[in-house]
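Add chains Y and D to chain U, keeping to what the hints say.
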Amino acid sequence: MEIQPILLALRRSKTGAILVAAQVALTLAIVCNALFVVKARLATVDRPSGVAEDEVFQIQYAAAGEIEDRKGMQQADIQALRAIPGVKEVAAVNSFPVSSSGWGMGVTRDGKPGNEIPTGVYFSGESFVKAMGLHLVAGRDFNDSEVREVDDRTDTRVAADVVIVSAQVARKLFKNEQDAIGKTIYQGSGKEAQPMRIVGVVDTLLSSSAPAIDEYAHSTFIWPIRYLGATAHYAVRAEPAQRARVMKDAEKALSALRPDRVLINLHDMQEIKFRRYRHERAGANMLIAVTIGLLLVTASGIVGVASLWVSQRRKQIGVRRALGARRRDIVRYFVTENILITTVGIAAGLAMAVGLNLFLVSKLELARLPAVYLVGGMIAVWALGLVAVLGPAWRAAAVPPAIATRSA
Amino acid sequence: MLVMKKLSKIYRTENIETHALRGFDIHVREGEFVAVTGPSGSGKTTFLNIAGLLEDFTSGEYHLDGQNVRGLGDVARSRLRNEKIGFIFQSFNLIPDLNLYHNVDVPLRYRGMSRGERRDRIEAALSQVGLSSRMKHYPAELSGGQQQRVAIARALAGGPRLLLADEPTGNLDSQMARSVLELLEEINGRGTTILMVTHDPELAARANRNVHIIDGQVSDLVHEPVLRAAAAPATATP
Amino acid sequence: MFTYYLALGIRHLRRNPILTALIVVTLAVGVAASMATLTVLRAMSADPIPGKSDRLFTPNLDNRPDDGSSQDPRPPDQLTYRDAIALKNAKPGLRKSAVMRISPVVAPSRADVKPFFGDGISVHADFFKMMDVPFIEGGPWSEADDARGGHVVVLRESMAERLFGDANPIGKTLRLDTYDATVTGVVSDRWEPLPRFYRLVSGPPPFRGVEDLFIPWTTAIANQMQPQGNVNCFSDPPPDAPPGYEGLKQSECVWIQFWVELASPSDAPAYKDFLDGYVAEQRKLGRFPLPNNNRLYDVKGWLDVNKIVSKDTRLQTYLAFGFLLVCLVNCIGLLLAKFTARSGEIGVRRALGAPRRAVFKQYLVESGVVGLVGGLAGLGLTFASLWFLRKQSEEFAVLAKMDWVMLGITLAVAVLSSLLAGLLPTWRACQVQPALQLKSQ
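From first to last, the protein sequence lines stand for chains U, Y and D.
So in my numbering, spot 211 of the first sequence is number 211, and the numbers just go up one at a time.
So in my numbering, spot 189 of the second sequence is number 189, and the numbers just go up one at a time.
So in my numbering, spot 132 of the third sequence is number 132, and the numbers just go up one at a time.
The shape of chain U in the complex, shown without the other chains (with noise of 0.2 angstroms):
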């Protein structure tokens, strides 16, 4: 292959090669960084709540006028909800996973301030797990004698003396989850700190502010509080297929039972997910715009610069063809050319990529780049110079050697 040639003739045409090779660097640069944010974002988008997320619904009323018995009301609203047909379990709870409202605690290995790990917290006085769906491996689920009441009315602490951690929570302050169980933790610290002993530990249990890092996200916590609050709110549990007629019935079914009150949420889990990702989305449907956007432009200008040299080249490959040279010969000439000059971007651009990965970590908090979008992207730029110089290279074929005779 004649690479000397090449890279001699292309001394003279230094302009174009250079802007060709500093648009694939800058492409690659950014494109490697974008895609693994929208790769970032998009896992935080799929991560599994630890709900059964095509079963369960969320419903919650606020009370327009004052409801002096709470337990009753609460009582009355589950009976109506496990009576509609399709639905499998139901519970009175204080927040859902991933709703952004909810509650958040401190908990601690030994009740000693300092490496408190703030964790999300729910309660209900039925069957959290058995409602959300969630999975517990080790452990078990809460006894009924274990169910403590609070009325926010008369009530200032919100305590129980056993706990369901989930296993993050659980890794964090044991060897395994195994190793949790029995153990007595503490919520918050020093003077005021409550022991609690673990009875089960869950899989997965999102809190309901789902921040995009994991670290903090998983630790979450059940207690077997039944709280009466001025909300009547509710997690269901239905049969996938019926859940929307489900839903339907469960909001005629307790509207009817208190006209008074109004509805302020009833959402299936996709749309509790859905609406709180929307920014991350959007954010990552940004950057896929721009990345092939990106892609495009380089590919055009590689277009460019490249038809540039076959107009200004054409008595030269006139004259080769005159001398012996075939079509694919020219076709393999410029795509030679092409894949020296995108090896010299890329390998610019894989500095810049870990550059710029480098002052995002900086600035932004991202994470380092992973080498394997470094090896995909080079691969993809040198896939897409080869695309873009086919359509010239393929009309510097073209040229009739009869061009050679002819004054410029």
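Worth flagging that the hints you see were computed from the coordinates, not collected in a lab.
Take these hints with a grain of salt, some might be off.
Stated by the list, open to error - With a straight-line Cα cutoff of 25 angstroms, these simulated BS3-like cross-link-like pairs (lysine-lysine) come out:
| no. | chain 1 | residue 1 | chain 2 | residue 2 |
| --- | --- | --- | --- | --- |
| 1 | D | LYS114 | U | LYS363 |
| 2 | U | LYS248 | D | LYS300 |
| 3 | U | LYS363 | D | LYS300 |
| 4 | U | LYS252 | D | LYS114 |
As the structure is a prediction and not an experimental result, all values here were calculated from the model.
Same frame as chain U, but now just chains Y and D:
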């Protein structure tokens, strides 16, 4: 009008030196019609380019209309070129997407003339070459001979003292060539000095002086018009 | 000469239409991407209350317990009930207001509008003057109503229309939770300070949503309206604490935002001293066990510390400008191709007496003309992108709006970019040797 003394032009590439002109001497008086002949590679194009201030020279002297050209910067040279010199090329070199009016207009724009003055000159130049009726047409719509005449109008519009013509009839058939040559003679008759590079001995014969260049030097065989006819056959190229 | 070059530049747009179109599209796309994100970034970092943002302050007091559990160096971002009342009643500060989000049940007297949950804030009367809130009818409630918790309400224009139609709502009543409130004023819909710095903590994102109604702070407390935001309790209540709302008021939980207007920014250190003095006094009563960690933020500082401009937005803006850079480099190549194709003409002009600088000016102007066309196309594309962004989320609906300044900047960026991109090709154009070009036609 145009004086060159011991002019040389050396082209240097990485490892090769080419002497295009060496010890070149020439004196062209005002009003002369000089034909420059010579074999290809002799340096006549280089001579024309240097005369037209399109290229610089390596050593020697060049005085144009009494002014020493050496050391002049790009702006000064461009001004000289614009005001004193008119060019006519073998391949016309009209700008294809401007009409005839605007083509002739180009050199005048670089003079900073008012619009009225430019218009007068353009109309005069185009009528001098007989093409004022086609002022709004584009070069592609004209024949070769007509295009060359527009190029001549363009060269004349600024009122140059020296006209440089490089194979002006090279791309024309014999009839058009004749009419162009008649035009040049007419212009020369009115006092403009003309320097014409040509291959064609017949054309050279129409000039009142021949300068022959071989290997970058003047082989000036004829100074007087009366010796022209006798000398011409002897300078036939191999 | 400039008009001559301009005319030539416009004429030459038609030459090499594919190349020109490519340049225009590349420029347009690059400009649109960067300008759209810049618009959003600019809206997000804008000063919500220019002219006053350096005189409005919010205090943060550190009432966390001294048991090692407080690891965050930042003090809590809201106040306790007793601290808010104390600061309001104290002398320092030109105007002061507590701010708390509420959501009372609104039951209008119109039969055709069902009761719904309103979205509002409870504030002191000072709030309206402090925040330069414009009224289209009436005004804030009286000092008397402010002090004793009168049954009054100020509505937003769109809410007033929803409840009372075209009629003048001043003096009319509507039911809020359990009492009837009289309307004393209507706030213009055009009052939209972005971001909502005065109720930044918790609540809806700072660029979304407007409050429909305002009631006196004292009234909200008296009617035990639940705070619709974060309630952070750093320690458990003592065993003898009363339950429910009363307990909340007496506790060390923070749930109230507080703003104070000072006469000038230079009064801030004095007010900070006052805060430190107040905390020292309270320390004698057993509160504020931690050493002094109080802060006083002005509006800009408050927005900064709450990281209003998210990292995501910054990332997107960087990337968009990187994209513009690539487009620029692309344009350099395309312009080079375009100008190289015209070497013949350049040679002719040089031969006819154009000095290099004339050729330089001509082709730079031509780059600018292409840039202007690209800019206009880019402007259209920017509008389209902003429209698309507005559909993405409610936040963008407010932020992604083009104003005249951004319009000017967009065109300027386009023209400047193409001039920059054109520098190298233009310089190359000037270097054309006329002699070479003229022979080889």
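Which earlier hints can't be squared with this structure?
-> Violated hints (numbers, rising): 1 and 2; every other hint is consistent with the structure.
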